[in-house]
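From first to last, the protein sequence lines are chains H, Z and B.
Once you know that position 322 of the first sequence is 322 in this note's numbering, the rest is easy, because the numbers rise by one and skip nothing.
Once you know that position 275 of the second sequence is 275 in this note's numbering, the rest is easy, because the numbers rise by one and skip nothing.
Once you know that position 44 of the third sequence is 44 in this note's numbering, the rest is easy, because the numbers rise by one and skip nothing.
Some clues are possibly wrong.
To be verified - Have a look at the derived ranges for each label pair, beta carbon to beta carbon:
1. H:I161 with Z:I142: 45 to 53 Å
2. H:M291 with Z:N272: 30 to 38 Å
3. H:K68 with Z:E213: 35 to 43 Å
4. B:E148 with H:V136: 42 to 50 Å
Derived by calculation from the structure, the hints in this document are not laboratory data.
As the structure is a prediction and not an experimental result, all values here were calculated from the model.
Glycine included, each C-beta is placed from N, C-alpha and C at the ideal position.
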Amino acid sequence: MDVINFIISTVILAVVALFFGPVFLGIERKIQARIQQRIGPPILTPGTWSILKFWYKKPVMPNSPMPKLYHALPPATVITILVILWLTNPEWWGILSLATLVAIVGIMKFEEMMYVVMGALSRSILSVSMPYGDVVKGAVTKGKIRRFFEGQSAVRFIKHITIASFPIYIAIFIPAVMAGSIYVEDIVNFQGDFLNLDPILFTIPGFIGAVVYFVGYVAQLNDYPFTIAKAKGDLIEGGPLEYGAHARGNYYVLRGVWMFVLSSLFVTLFCGIPPLVSLTFSAPGIWQLVMHVALTFVLPILVSVLSAFGPILTFKQLYPVSFGFTAIGVFGVILAL
Amino acid sequence: MEKDRGEADVEIPVGLVHPALLEPYRPRFFLQDEVVTDCEITLDAQHRGVERLMEGIPVDKCNIITERICGICSCVHLWNSVRVVEKGLKIEVPERAQYMRVIINELERLTSHLIFFGHALEIIGHETLGMRAFIAREPFMILLGELSGNRVHYACPVIGGIRPRCNPTEEMQKKALTMLKPAAEYLKDYADRIIQDSMIMSRIDGIGVLTKEEALKYHAVGPTARASGVDWDWRTEIDDFKHFDWDVIVLDEGDVKSRVVQRILECFQILNIVEQGFKNLPEGEIRNKDWKLGEMPITACYHEAPRGELLDTYALDEKGNVRHYKCRTPTVTNLGAMEVACLGEHLTDAVLTLASCDPCLCCTNR
Amino acid sequence: MFKEISRKNAIHVMLVYSGGCNGCDIEVVNCVLSPYYDIEQYKVMLTWNPREADILLVTGPVLKRIEPALKAIHEAIPDPKLVAAVGSCAINGNVFYNLGGDLGPSEEVAGPLAKVIPVNANIPGCPPRPEDIISAAASVIPILAEMEV
């Protein structure tokens with residue numbers, strides 16, 4: 001029975017993530033539109049229908065030194081991200097004793113590195129290879145290399161990884177300090193079971209941790225104002241520029257699933273409601289999964305409101321913001337001891 | 001103190017098609033650790049050869065073509081081209097026509113500044129406030145459409161006066177005055193909102209500084225020069241503007257923030273002029289038909305386009321056809337000045353600096 | 001079935017300025033960025049990346065300096081795709097291709113858009129109003145939904 005429950009819960013959680021991820025992309029665009037005083041697209045358009053439309057296009061060969069690796073990056077990253085979601089599934093805690101925060105942080109690092117690899121492998125026609133006479137007699141010829149936008153984006157991602165991922169890592173460790181263990185199972189059990197919950201969110205260090213987690217969430221998603229590495233103002237889109245047709249659909253899935261998974265991690269660690277899949281109607285049963293999914297809507301809505309009001313921050317403004325929130329996080333850790 | 005063009009490791013060309021540039025030109029940035037040490041701008045992508053196709057065509061047709069050199073500054077191109085003939089053949093323009101020419105020109109200058117705000121805020125990343133600029137702009141576009149018949153390319157001045165369609169009736173004047181009040185209120189709230197936002201101001205403060213010596217050396221013109229301390233506005237030399245009471249705005253620091261604030265303050269002066277125009281519009285005829293086309297030597301006329309100084313010169317032969325047409329537009333020298341101003345900045349700020357002089361490449365390339 | 005539904009419900013548009021006076025471009029930008037017209041409510045979204053686009057909007061007479069770039073961008077768009085010529089300059093060259101004095105017409109214009117890439121829709125006007133652009137975009141969407149590939 002255990003193995004069958006394991007497989008069923010894994011599949012159902014993957015389906016839930018793959019469905020709700022693109023819906024979050026649409027909700028973000030709709031909320032931004034309403035703040036901008038216009039009607040905006042329907043909720044399923046920027047996410048779900050766009051992905052299906054891209055999957056029905058004729059495949060194109062990207063301009064890339066290793067096209068097959070470039071196209072394989074989004075699906076591989078999606079599966080790796082789903083491991084974070086599966087590690088918070090109670091069925092996994094018994095079988096593999098790997099459900100620790102260290103594993104989760106390691107997988108987050110892997111996702112960040114993917115953007116660097118994407119930037120190194122993409123050569124769009126929108127920058128260096130635009131058919132225009134640059135290197136002609138009489139032109140300035142400084143600079144040993146001519147770099148594409150995607151290469152510059154990869155360089156900026158390395159700086160971004162070094163600076164802007166501190167807030168979320170500190171915020172994840174606050175529940176660990178309060179529960180006294182890095183195992184997800186212990187953190188969840190510390191907050192009681194579903195029918196009499198005592199979430200960490202309602203304590204003072206927990207609330208500080210939630211605020212710092214929110215800032216780190218925006219930085220991980222590369223959403224305004226932390227979008228310097230993919231800035232639309234000068235790099236257009238960065239590494240993912242050459243994804244076309246079905247690969248672009250996969251890239252949208254990656255963005256949507258990342259939004260869902262990080263929000264779901266917040267609900268598990270700070271509210272104490274893991275995504276338990278049990279198909280009975282007696283309490284807690286299916287209601288725990290419904291409550292979990294409903295609570296994952298909160299963070300993306302807050303992100304949409306913030307991103308409608310934020311300009312792109314350049315590095316000299318990003319350093320103080322990120323270190324400031326990291327300092328608040330450290331203060332929260334000290335309070336939690 | 002002149003900035004030096006130094007050594008560089010990496011070149012990043014910003015392409016012909018790009019959301020920050022909008023119009024096609026090709027800046028190449030030479031970077032050392034993401035700081036721009038040299039910059040080269042190539043501006044020939046939009047050359048349509050307008051001056052060449054003017055040789056030998058009748059002067060009325062020439063004026064209609066000059067309007068389509070640019071879509072944002074179309075009224076001032078047409079007006080300046082008509083002024084060359086009026087100055088050369090000594091044609092008088094009636095007063096009501098002078099008032100209407102000024103009103104439509106200033107309304108177009110206002111819409112041009114509002115597009116600049118929308119575009120600059122989009123590049124900074126603040127989509128919300130960029131869209132509010134377009135909300136602020138729409139009542140003026142509707143007003144211009146009712147006054148002249150088209151939202152862009154108004155074709156208002158003709159030789160000796162204005163076109164009859166642009167002659168407003170009594171109720172049109174009253175309607176225009178009632179339309180201006182709420183639009184001016186919205187613009188004032190919008191300007192306050194931008195200036196009080198500390199995140200936007202921290203992005204644009206101290207970036208892309210153009211000192212007064214550099215502005216004079218590279219011949220920056222228009223709002224770009226007036227934000228660096230150069231006190232000159234060609235509108236003070238034009239007779240039609242002498243009926244109105246307005247100020248020239250000059251600021252000192254020369255960074256991107258000064259250029260934005262200078263245009264915001266200029267918008268309020270424009271609203272002032274337009275209100276005076278509609279209130280004091282004199283009665284009278286709108287066109288002077290009492291002249292004959294004949295030979296005219298090369299005559300030059302200067303005007304103040306939304307981006308700076310505009311020069312038109314041509315001659316007429318004995319049949320009234322245009323000879324030796326030449327037009328020099330402001331962005332040629334403004335972009336040259338910006339090439340110097342963006343040295344020493346981060347790449348994102350350098351792109352923002354180039355866009356802060358409000359380049360209009362279709363004018364530059366003709 | 002999903003193919004038609006998804007193609008009708010999510011369209012990406014890319015805009016290329018190929019040398020005109022920019023009057024048409026301002027009206028297209030008005031459609032996209034102005035909450036008065038707001039083309040996103042009709043499920044059409046603006047992008048600057050040809051790999052993401054379905055419909056290519058071209059304004060201005062095609063100049064010889066921009067022609068190679070325009071052709072490269074057109075090829076980079078994945079099938080199925082549509083091309084719309086916005087404004088009189090793209091449809092027939094307007095004053096720049098058809099007028100000329102003693103020295104003849106302009107030598108820099110490669111021609112109306114139809115001579116350079118295949119065109120599916122024309123939006124006339126100098127410049128066309130934003131309402132015309134939106135209604136043209138809405139009428140061209142069913143063609144996209146039915147295209148094979």
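Taking 42 to 50 Å as the hint, is the beta-carbon distance of E148 of chain B and V136 of chain H inside that range? 43 Å, holds
Within 45 to 53 Å: is that where the Cβ-Cβ distance between I161 of chain H and I142 of chain Z falls? For I161 of chain H and I142 of chain Z the Cβ distance comes to about 49 Å; the hint holds.
Taking 35 to 43 Å as the hint, is the beta-carbon distance of K68 of chain H and E213 of chain Z inside that range? With a Cβ separation near 56 Å, K68 of chain H and E213 of chain Z fall outside 35 to 43 Å, so the hint is violated.
Honestly, do M291 of chain H and N272 of chain Z meet the 30 to 38 Å range at C-beta? Cβ of M291 of chain H to Cβ of N272 of chain Z: about 60 Å, so the range 30 to 38 Å is violated.
Checked against the numbered hints listed earlier, the structure breaks hints 2 and 3; every other hint is satisfied.
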